[in-house]
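J.: Add 33 to a position in the sequence shown, counting from 1, and you land on the number used in our numbering.
Hints listed in this document are in silico derivations from the structure and should not be mistaken for laboratory results.
One should not assume that every hint holds.
Using C-beta positions, here's what the derived DEER-type ranges look like [claimed, not checked]: (1) 237 with 73: 21 to 29 Å; (2) 204 with 82: 55 to 63 Å; (3) 263 with 234: 40 to 48 Å; (4) 272 with 81: 38 to 46 Å; (5) 95 with 238: 13 to 21 Å; (6) 244 with 272: 34 to 42 Å; (7) 54 with 328: 19 to 27 Å; (8) 203 with 98: 33 to 41 Å; (9) 248 with 67: 20 to 28 Å; (10) 95 with 245: 21 to 29 Å.
Beta carbons: idealized from backbone N, C-alpha and C, even for Gly.
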Amino acid sequence: MSSTNINLDELEREYNELTADIEEVRNKRDERNQITKDLISMIKSLNKKIKQHLQKASEFKEKRDMFNELVQRAKNNRITTQIALEQLRKRLNEIKEKYKDIKPINRAQKIKIKKLKSAVRAKSMEIQTKPDLTLDDEDRLIKEIEELEIKLGDLTQGSQARIEYSKVISQFPQYRSQLRNFHEQVLVNSEESQKNHEAMLKEYGQVDQIREKIAALERELNENRKIADDFHSRLIGLYRRRDDLRNQIDVAQRKFRRRKKRERANVALLKRRIAKERLERGEKLDFIEFRLLFEKRELGSFS
Numbered sequence: 034m035s036s037t038n039i040n041l042d043e044l045e046r047e048y049n050e051l052t053a054d055i056e057e058v059r060n061k062r063d064e065r066n067q068i069t070k071d072l073i074s075m076i077k078s079l080n081k082k083i084k085q086h087l088q089k090a091s092e093f094k095e096k097r098d099m100f101n102e103l104v105q106r107a108k109n110n111r112i113t114t115q116i117a118l119e120q121l122r123k124r125l126n127e128i129k130e131k132y133k134d135i136k137p138i139n140r141a142q143k144i145k146i147k148k149l150k151s152a153v154r155a156k157s158m159e160i161q162t163k164p165d166l167t168l169d170d171e172d173r174l175i176k177e178i179e180e181l182e183i184k185l186g187d188l189t190q191g192s193q194a195r196i197e198y199s200k201v202i203s204q205f206p207q208y209r210s211q212l213r214n215f216h217e218q219v220l221v222n223s224e225e226s227q228k229n230h231e232a233m234l235k236e237y238g239q240v241d242q243i244r245e246k247i248a249a250l251e252r253e254l255n256e257n258r259k260i261a262d263d264f265h266s267r268l269i270g271l272y273r274r275r276d277d278l279r280n281q282i283d284v285a286q287r288k289f290r291r292r293k294k295r296e297r298a299n300v301a302l303l304k305r306r307i308a309k310e311r312l313e314r315g316e317k318l319d320f321i322e323f324r325l326l327f328e329k330r331e332l333g334s335f336s
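Model the full assembly from the supplied sequences, consistent with the hints where possible.
T.: This is the structure:
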């Protein structure tokens, strides 16, 4: 076997091996490209989840802020009510100070006050109903009424103190009820605010966890892309080597065909020479030998 034939066989064997390598590297590159697509899809899906969690966090934050406003409003109202209560206490102290020298009305004084009021009403009625009163009688009755009212005024100072005191005291339950109500609003709305705040933080926590996953996937994605790029670069190199081998094979095949053609021509020439020598010796030619000489028009001189 000639060296040209051996070289061509080696080139074809190397070409086939290279084609197998190309298939293997291309499959690995395609696998990495598919992994890249899958990773990108996962990252997009996680980013979508982040948007959902951020939307929920925003909603919880809005509710938290609303409850915080209610808490602040209730606190302000509570302070206003506390100030009003302090003012009432101050007013009570003022009343106590005003009437500190007046003794409380006892039972006997209450009876006397009642009698004095009754006497005042009676004398007033007498003035209004008796048509035969003289001017002197009327002046006398008016003077008696004035004296009774002076006595009544002296006796009822303690009663007036109680009236003023009771008027102030009666306002305390309403303010205390308001104070309890505002305090309850602070507690309830603070609790709701805290719930929404914790829910908001939970959503942000989910976002942080997902971002960590995305960061890990992005690192994996970058590494995978590098590997895919390496396989692609190797594939390009293998394609170039195979193209070069194909060119070498084409050149070798052309050389092989030219050599074969020359070999066939040399064989034909040798056979013609042998046939011509046999013809010159007068030997009988076979069909192939006859055709070789006939094609080259070398039978004329022996006809």
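J.: If a hint holds in the structure, say so; if it does not, say that too.
T.: Each hint, compared with the structure:
Range check, residue 237 to residue 73: Cβ separation about 25 Å, and the 21 to 29 Å hint holds. Take residue 204 and residue 82: their Cβ atoms lie about 58 Å apart, and the range 55 to 63 Å holds. Between residue 263 and residue 234 the beta carbons are some 44 Å apart, a value that agrees with the proposed interval 40 to 48 Å. Against the hinted window of 38 to 46 Å, the Cβ-Cβ separation of residue 272 and residue 81 comes to about 39 Å, which satisfies the hint.
The hinted window of 13 to 21 Å between residue 95 and residue 238 holds, with their beta carbons roughly 19 Å apart. At about 41 Å, the CB distance of residue 244 to residue 272 agrees with the hint of 34 to 42 Å. Checked against the given bound of 19 to 27 Å, the beta carbons of residue 54 and residue 328, roughly 50 Å apart, lie outside it. In this structure, residue 203 and residue 98 meet the distance hint of 33 to 41 Å, their C-beta atoms being roughly 40 Å apart.
A C-beta distance of roughly 22 Å is found between residue 248 and residue 67, which places it inside the suggested range of 20 to 28 Å. Distance hint check: the CB atoms of residue 95 and residue 245 are about 27 Å apart, consistent with the given range 21 to 29 Å.
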